[in-house]
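Asks: Top line first, the protein sequences correspond to chains C and S. Under the numbering used here, the first sequence has 24 at position 24, and the numbering climbs by one with no breaks. Under the numbering used here, the second sequence has 535 at position 271, and the numbering climbs by one with no breaks.
Just so you know, these hints were derived from the structure itself, not from any lab. One or more hints might be untrue.
No farther apart than 20 Å at their CA atoms in a straight line, the calculated lysine to aspartate or glutamate pairs in the EDC-like style are these [said to hold, decoys possible]:
#	chain 1	residue 1	chain 2	residue 2
1	S	Lys348	C	Glu242
2	C	Lys97	S	Glu530
3	C	Lys84	S	Asp533
4	C	Lys195	C	Asp81
5	S	Lys525	C	Glu242
6	C	Lys97	S	Asp516
7	C	Lys92	S	Asp533
8	S	Lys387	C	Asp81
9	S	Lys451	C	Asp55
Heads up, incomplete: computed chain S residues facing chain C, CB under 8 Å, no partners named [claimed, not checked]:
#	residue
10	Phe355
11	Leu460
12	Val476
13	Leu498
14	Phe502
15	Gly518
Since the model is a prediction, treat every value here as computed from it, not as a measurement. For every residue, glycine included, the Cβ atom is placed at its ideal position computed from N, Cα and C.
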Amino acid sequence: MSDKKQAKKWIHTIYGMLLSVLILATAIALMVSCVQIYKSGRMPFTRESVKQAFDKIAVLLYACLGGIAVGALLSLIYPLDGAKLTGGMEAKRALAKQYTRINPLALPLDARRALKKESRHRAVLRCVLVLICAVTLIPLLIYLFDLSHFTQDLNGSVLAAAYMALPFVLIGGAATLCEIALENASVKRESEQVKEIITAGIAPGWNNKYRYTEGRAKRVGVWAVRIVVLAVGIAFVVMGIENGGMRDVLGKAIKICTECIGLG
Amino acid sequence: MKNKIVKEKKPNWFRRHLPTKRRLIQLYAALLFNANLKGFANGYIYMGPLKNICTPGLNCYSCPGASGACPLGALQNALTASNKRAPYYVFGIILLYSIMFGRWICGFLCPFGLIQDLLHKIKTPKLKKNRFTRVLSNLKYVILVLFVVVFPLIYVISENSAILPAFCKYICPSGTLEGAIGLLSNKVNSDLLSMLGPLFTWKFLLLIFFLVGAVFVYRFFCRFFCPLGALYGLFNKFAIVGIKLDKPSCVDCGLCVKKCKMDIREVGDRECINCGECISVCPTQSIRWKGSKFFLPPDEIAVTDTDKARIEARNGKIKKRNRVIKIAVGVVMAATLAGALVYYNFIDKPPVVADQPTAPSDSAVVGNQVGNLCYSEQIEIISAGGGTFDVTSTAGKVRVINFWYTDCQPCKEELPHFNELASEYADSVTMIAICANFDADYAADFVAENYGDYSMLFGLDNPDEAYYSALGGRGTYPMTLVLDENGIIVTKFYNKVSYEDLKAAIDTALAP
């Protein structure tokens, strides 16, 4: 990289870091101000209290806006060159493409078994993931189906239900991440094995091109779904107008939704 | 003769920095869906009949500029009212939007998506997509199921029935930004500030989180939290409008996935917002807009001079046809926007804003502010007996006038306090709870079922909520006025009132 490009990169990096710190500081200041106003007493939000809080953090806000403006000027006058895009086939697709170059039926039994072992391994991983998600989902479902948990204390009930959903979200998410990592490792191992087989020329494929041909049946199927869903949608709209659903939408939309905007 | 190397002329600085077509469409949509510009000036939301129609993107209907209803808010409200009537209309609207546009709406029409796109342009380091973000993108489906569907429905079927649009109430940043901040920044709505409490604090913190997140992470809210995007994404592959990958010519180079900032596995899947940025990087031009073949001349190589002439003539006709279509679409779009702006800002009748006199409290000026003599009105009674009732007729008694409707959760929560106090102060106070006129079909049954003792009066507002508007109602329910024995307004509440606050207000009015 030339010196000029290097210097440009450094300027943009330093500017970016400084602006990030400024934005985060402003965000934290706004959050803290809001909490402080809320904790200041009964009916704490008034124009005066909001203005006071704003005045305290005004410098930070204006600095943030100024920083953003500087960034805009910097990118207009001294733009950074775009990074070159390098692609890469997804591992599973690459593996599927490799398989077209071998004839699995012509492979020796032990080689075939070794390849099947990896795909079985991935199937097991998927089953384990589904099991983990199901196990963490069960307590949430049990909780939701017991309607006595949902009392007139709406906020408390929703919070409690959200807590019950947390294990499912966290454990399910972590399990999915692990499964993806392990599956990718398994695909890479299988890919190496297939590469060796191709190099050794043990079971050459029919040399068929890896081509996806979109059949007419699939195109007709897609249009059939579109037509059905369109028809159902139009029918529902008509039925909704007949049964007064449209009037309900209007009735709610012309009132200020106090819950939506956080009033109360 | 030497061959001349012709360098492609680089467009000038101005042309290079023009907004893209996509940005222009986004700006157009944001303006069209918030065409009620006078709402920002006068602090009122649009209350006309066009709010029957749901706008396709996330745009809170409590925004002063909102010209239509929000599909997600309408869906939740329809589910909370599903015991009264099946939510066909909202389901139908969402199905139509989904199958026609899919997540093209996210990429081109959603105002909150535009806000995130603009925030992402701020020059800070960006968090690139990775396995973690791909897994996290499934969170929006959990939010869709739990907050949009399950919570509203649970409270419909449980014994403790309540109206709970859970996503709007606890998560939606569009409501906080466009609705709350949009409304409350106008001085006319200063008294609504007193209604802010823990819920607003939570939502404001969440809003800052989403906005700052959008600076560092592309489409932070859309990718991980938006249930509307989740819903549209389910139909993305079947949608009529959007991006399509021509698989026979695709060589799986992966450049499109690399270029895309969303968590796609392939172009056009449920995470794809159909922004079209991948089209330019595809080396085999396998990515195109659905239906674009209609606009392109077919591939044909001219063999003879006759062929050449024929192909040129055909291509000329196609170009002319495309030009005509472009002009027609441009004209229709411009006319729609102009028509919307004219209608919402000039033709639409503004809400009845009663006089706002500033006379001191000891004057007998008729108005709707504290210290004014309350407007008089004949109200239809829906309690046992029926008939009409002049709200200000019971001189010598303190009067409490409450405005409510059956789908208003805060109203339903406070009505028992009114009923209780009506019994307690039966001799000295007349309590009347006036239901909004649009809710007339359900009011009588609701009252008979829940307040069958009729210890207080229940009435029905006049058409177009005339009395509510005359008394300064701005679309927030509930609203309560306390009048002293002379009919002077002594207290006004724009929010849900507690038993203690109402009792204190009545005692103040009763004090000599």
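Asks: Give a verdict on every hint.
Replies: Now the hints, each set against the structure:
{"no.": "1", "hint": "S:Lys348 with C:Glu242", "in the structure": "holds, 14 Å"}
{"no.": "2", "hint": "C:Lys97 with S:Glu530", "in the structure": "holds, 16 Å"}
{"no.": "3", "hint": "C:Lys84 with S:Asp533", "in the structure": "violated, 25 Å"}
{"no.": "4", "hint": "C:Lys195 with C:Asp81", "in the structure": "violated, 38 Å"}
{"no.": "5", "hint": "S:Lys525 with C:Glu242", "in the structure": "violated, 43 Å"}
{"no.": "6", "hint": "C:Lys97 with S:Asp516", "in the structure": "holds, 10 Å"}
{"no.": "7", "hint": "C:Lys92 with S:Asp533", "in the structure": "holds, 17 Å"}
{"no.": "8", "hint": "S:Lys387 with C:Asp81", "in the structure": "holds, 14 Å"}
{"no.": "9", "hint": "S:Lys451 with C:Asp55", "in the structure": "holds, 18 Å"}
{"no.": "10", "hint": "Phe355", "in the structure": "holds, 5 Å"}
{"no.": "11", "hint": "Leu460", "in the structure": "holds, 4 Å"}
{"no.": "12", "hint": "Val476", "in the structure": "holds, 4 Å"}
{"no.": "13", "hint": "Leu498", "in the structure": "violated, 11 Å"}
{"no.": "14", "hint": "Phe502", "in the structure": "holds, 5 Å"}
{"no.": "15", "hint": "Gly518", "in the structure": "holds, 4 Å"}
The structure shown violates the earlier hints numbered 3, 4, 5, 13.
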